[in-house]
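Following the hints, position chains B and C against chain A.
Residue numbers (the working numbering), protein chains in the order written: chain A, 24 to 154; chain B, 24 to 154; chain C, 24 to 154.
If you are wondering where the hints come from, they were derived from the structure by calculation, not from laboratory data.
Please note that a few of the clues may not be correct.
It does not matter which identical chain is meant; a pair holds if it fits inside one copy or across any two.
[What the hints assert, rightly or not] No more than 20 angstroms apart at the CA atoms, straight line, and that leaves these computed lysine to any residue pairs for SDA-like:
{"id": "1", "residue 1": "146", "residue 2": "33"}
{"id": "2", "residue 1": "30", "residue 2": "148"}
{"id": "3", "residue 1": "49", "residue 2": "126"}
{"id": "4", "residue 1": "96", "residue 2": "76"}
{"id": "5", "residue 1": "30", "residue 2": "54"}
{"id": "6", "residue 1": "30", "residue 2": "130"}
What follows is each chain in one-letter form.
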Amino acid sequence: MIEINVKTSYRQQMIDITGDLDRVVKNSGVEDGVVVIFNPHTTGAVTINEGADPAVREDILEILSKQYPVSSKYRHMEGNSDAHIKAAIIGSDRTVILKDRKLVLGTWQKVFFCEFDGPRTRKIYIKIIPG
Amino acid sequence: MIEINVKTSYRQQMIDITGDLDRVVKNSGVEDGVVVIFNPHTTGAVTINEGADPAVREDILEILSKQYPVSSKYRHMEGNSDAHIKAAIIGSDRTVILKDRKLVLGTWQKVFFCEFDGPRTRKIYIKIIPG
Amino acid sequence: MIEINVKTSYRQQMIDITGDLDRVVKNSGVEDGVVVIFNPHTTGAVTINEGADPAVREDILEILSKQYPVSSKYRHMEGNSDAHIKAAIIGSDRTVILKDRKLVLGTWQKVFFCEFDGPRTRKIYIKIIPG
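Excised from the complex, chain A in its bound form (with noise of 0.2 angstroms):
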């Protein structure tokens, strides 16, 4: 298991961590199989979606901001029940195919750790599962 670090500056923000994961692929030494990434923060996700125009994560944070607002109504009393709600509905972990030592993502997707309840410093798991 790998372990990365991911420094966020603002309450809500989607980090490109494709390049870090290329990194961890390449130095596995392994050519096939799958690699899990996961997020161990209960106010934190992992998507997969578009890195050519930064555009849509702003898109993305302000619906889910809309849907989902911070209130004093929760009770939860840390106020940031709404960050926990984002993180249920886009998900703790994804599982991306390996192949000749290459992540495959298509043509416009980035893997995104998602912040919602930052400026934090975060972690994100990779393991590599070869087959």
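Chains B and C alone, transformed into the frame defined by chain A:
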């Protein structure tokens, strides 16, 4: 493949299955790899979120119910389309990393079966891939 | 890694790909393990839900469209930010258990490719990990 049973008591409920998963992992004797947790029900899901404060679970379920209320306007005549959409949004399966015979979860993370059309007796399938 | 093609006919559509997956699994000769189903498109997704009543799919797509309508207010200028957010919410990939040369799905479950910005010709990548 190992099967565990979960008995739910309400229409909507998040049940912590981390203890069951720990037991399955321990009994398997597998040191390292990944664990796939699969929900075979179309009105259930699997999520990973905070386990310490039960209010987080209550907030998540309440927010989902407000966004996707029970309604008689749906085409599906069984009256549980809200449960099907919640299942699609949260997701049927999660993959967790296994290291040194233990599930690698974050400090506050627990694995939950999500019931959206209970009470029922439900199954969860678990598959460990060594690697 | 195996690639299958899916041709969609509408802007939004859920296409049952379970038959394709069954064929891929059978041809592989693998008895046990897991099957990763990966969508390489940023306006598509993979979900597992009810296949028996087509009304469930219609309800899911209609609910998503009401929650995330097409809008000219988004920053992304291609006019399909609603499709990107739907893709993020449903998810790019699913992992299903393989047992005795068969996908282990629940009685009512089918695997669907979700089109959110069609009609298009789409690809799905499938990777079987024995174990």
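Evaluate residue 49 and residue 126 at a C-alpha cut-off of 20 angstroms and name the case that applies: within, between, both or neither. within (10 angstroms within a copy, 25 angstroms between copies)
Should residue 30 paired with residue 130 be assigned to within, between, both, or neither, using CA atoms and 20 angstroms as the limit? Intra 26 angstroms, inter 18 angstroms, cutoff 20 angstroms: inter-copy only.
If the cutoff is 20 angstroms on CA atoms, where do residue 96 and residue 76 land: within, between, both or neither? Let me know, please. For residue 96 and residue 76, only the inter-copy Cα distance (16 angstroms) is at most 20 angstroms; the intra-copy one is 35 angstroms.
Intra- versus inter-copy proximity for residue 148 and residue 30 (alpha-carbon distance at most 20 angstroms): within (15 angstroms within a copy, 32 angstroms between copies)
Which holds for residue 30 with residue 54 at a C-alpha limit of 20 angstroms: within a copy, between copies, both or neither? The answer is neither: 30 angstroms in one copy and 31 angstroms across copies each exceed 20 angstroms.
If the cutoff is 20 angstroms on CA atoms, where do residue 146 and residue 33 land: within, between, both or neither? Let me know, please. within (16 angstroms within a copy, 35 angstroms between copies)
The structure fails to meet hint 5 from the earlier list, while all remaining hints are met.
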